[in-house]
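Asker: Chain C is fixed; fit chain A onto it per the hints.
Protein sequence lines correspond, in order, to chains C and A. For the record, in the first sequence the residue sitting at position 369 is 416 according to this note's numbering, with numbers rising by one throughout. For the record, in the second sequence the residue sitting at position 7 is 101 according to this note's numbering, with numbers rising by one throughout.
The hints are simulated quantities; they were obtained by calculation from the structure and are not laboratory data. Computed from a predicted structure; not experimentally measured. Just so it is clear, CB atoms sit at the ideal spot from N, CA and C, and this is done for glycine as well. It is possible that part of the hints are untrue.
Claimed, not checked - If you want a taste of the chain A side facing chain C, the calculated C-beta under 7 Å gives, among others: (1) Val-133; (2) Lys-157; (3) Asp-161.
Claimed, not checked - Over the 12 Å line for every Cβ pair with chain C, so calculated as not near, a few chain A residues: (4) Tyr-97; (5) Asp-100; (6) Arg-111; (7) Asp-131; (8) Gly-141; (9) Ala-142; (10) Glu-154; (11) Ser-155; (12) Ser-167; (13) Val-171; (14) Asn-185; (15) Leu-199; (16) Asp-201; (17) Glu-204; (18) Ala-207; (19) Ala-216.
Stated by the list, open to error - Distance windows between CB atoms, simulated: (20) C/Val-389 to A/Glu-179: 42 to 50 Å; (21) A/Val-159 to C/Arg-52: 26 to 34 Å; (22) C/Glu-385 to A/Gly-190: 27 to 35 Å; (23) C/Glu-171 to A/Asp-187: 50 to 58 Å; (24) C/Gly-64 to A/Glu-217: 16 to 24 Å; (25) C/Pro-383 to A/Val-159: 21 to 29 Å; (26) A/Asp-187 to C/Val-389: 36 to 44 Å; (27) A/Gly-203 to C/Gly-374: 42 to 50 Å.
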Amino acid sequence: MTDLRQTPLHDVHVELGARMVPFAGYEMPVQYDSILDEHRTVRSTVGLFDLSHMGEIELRGDEAVAFLRYALVSDPGALEVGQAQYSMLCQEDGGIVDDLICYRLEEHRFLIVCNAANHDAVLEQLERLLAHGDFGAELDDRSARTALIAPQGPSAAALLAELTDANLEAIANYHAAEGSVAGVTCLIARTGYTGEDGFELFCDARRARDLWAALMAAGESHGLRPCGLGARDTLRLEAGMPLYGNELNRETNPFEVNLGRVVKLDKGDFIGHAALQAIQQTGPRRKLIGLQMIDNAIPRAGYEVRAGPDGPDIGHVTSGTLSPTLGTKVAMAMVPAEAAGVGHSFEVVVRDRPQRAEQVKLPFYRRPRD
Amino acid sequence: MSYPDDLAYSREHEWVRVDGARATIGITSYAADELGDIVFVELPEVGAALSQFAVFGVVESVKAVSDLYAPISGEVVEVNDALRESPELLNADPFGEGWVARVELADRGELQALLDADAYAAETS
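So that you can see chain A by itself, here it is in the shape it has in the complex:
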C-alpha cells in the first residue's frame, strides 16, 4: 500500500498538505476503509483553534463514532461543507474531494512530529 508522497501523516490516520502559510487536512484512506461507510461528519467551526493531536471533530460510520485528531495546530479558515450532504466523499476520495478543513498554520515545526508516506505505510502494514 502506498500513500501520496506530498503529504505528512499522523499516527491517528490524518494527513496534512502544506500550501505556503496554510495547510489542508483530512483523513487517510486507511482510516476511511477501517471505518467503512461514513454517514456523518461533525466539522469544526471556521475560526476554531486546532491543537496538534487534540480532538477537533467527529466522523461516524454506520456502526461507530470516531474522534478526529488534528494533525497540526492552526486556525480553521475553511471547512469542506460538501461533507455535510455527502459524507461518503471521505470513503470515495479521502485525499482529494474528501478534504476536511483548511487551517492557517500555527507552527511549522510541528511537521517534524508527523510521518512521511513511507513511514505511514510501514505503520499501517
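Bound-form chain C, shown alone:
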C-alpha cells in the first residue's frame, strides 16, 4: 500500500497491531483487535479514533457568512460563535456532494470538516464558488496540517477533564472552544459520529502523537480502547447516521434521506435552491428507511429490497449489519416513498433468497438520557 497517504499516527496504529486498510486514499486502521469489542467499548466507556484523514477547510473574511450561506444548504449565519451545525454541499440539481460539519470559530471565521473521500470535490466547489461570486472571504485548506483525534463514549468527558483546564461543561453538544489538552493546543469540539457523548480534538499534525499518547495513558483507568473504522461504521449505523457513499451520493437529495430539516430554503439563494424547493414541494420520490430483519440473515449494502411478501424489486439496502448493541440484524434501505411506512413488510434478497424484514423507526439505537 505504498501509494496511499498516511496520517501522523500511522506508525502508532501499526505498533498497536491494527489491521490497516486503504480508505479514501489513506492507509487507515479498520480494527485493532475485535470490531465488536471496540464498538462495545464506545457504548460503555470510551473509544479513541484517529480521524486525521478528514478534511479541514477554514473560511475567513467579512463575507464568510454570505459565502457559506450561498455554498451550503444550511444557514451558518444562524450559528453563535462556538456553535456548529451539520450541513451539506449540494449540486445545482440538489444532489449531495458531501455531508459535513460547519463550526463558527469567530464572527467571521468558520471551519468546515468534510469527508476524506470528498475533500478534493469539496475544495474544488468551494474555491470555484468563492472566485465566481467574488466574495470577500479567503479559504485556507488546513487538512494536511491538522490531525483529528476523537474520544467517544460516556466516559469521554471524565477522561478529557483529567487532561484539560477547559470548562467542558460549558461546551454543549455541537459546540466547540479552543483549549489545551495534555499541553497540546486543540479545538475541542463536542461532535461525533457514534451516537454517544464525545469530543473531536483538532490539533497541529505535529502534536498528534503527543495527544494520542496522553489520551491512551490517561484512558487506561477508564477502560479506553483505540477503535478503527470497522467499529466507526457499526456505531454510526446503529445511531441511524448516513455514510457518504452508502446513503448519500450525488444522485441523492437531502429530502430522500431524512435530512430535509438541514436545508434552510428561506435563507436566500444558495446552490441547489431551486431544485430542492421543487423536491420539497412535491415530496421526494424515494425515502431512506430503517429495516429490522425478521428472518435470520444479515442485510448488506447493495442487496435488493422487495415489497413483501413475494413482491417485485423496489429498492436496495444502503447499509446493513448485525447490530452489536441490539443483537438484531438491521439495515438502512432506499425504497419508493409510497412504499415507506413504519411496520410495513419488506423482503431483502440475500444470496438469491428473499428474507423477511419490517420497517422500524430510525435510529435503531439512541443513547440513554440522564
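Answerer: Below, chain A alone, put in the same frame as chain C:
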C-alpha cells in the same frame, strides 16, 4: 505458528479430521483470525452432497461475507447447530467446538490433494 497435526488442510483454510468412514470439517484459526468476529454461519443441510473445493456454506464477519469451500467430498450427516446461536465458536475454538459439519467420505483419495500441518503452516506464513 503450528496447527494440529492430526488434520489435513486445504488452501482455502478448511481442515478435515478423518474418523473411519467419516470426517469432520471446519475452518482453521488462520481463517477465523482473518475474518475477525464471526457473526453468522450458513450451514449446509443434512443430506447435502459436498464436492471437494466447491462452495458449501457461508461465514459472515461484521464487515464481510465469505464462502466456505468443502475440503473433501461426501454426504453431510451432521451439522454443528451450536453455530447458529453462537457463531463466535468459530473464533474461540475453530478446531474443536467450532467444527462445522460431519460427512460420510466419498473418496479417501481426495486427501492426497490436501496439505499436512507443516505444509499448511508454510502456506500461511
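Asker: Checking each numbered hint in turn, tell me which of them this model violates, lowest number first.
Answerer: Failing hints, ascending: 3, 7, 10, 11, 14, 20, 22.
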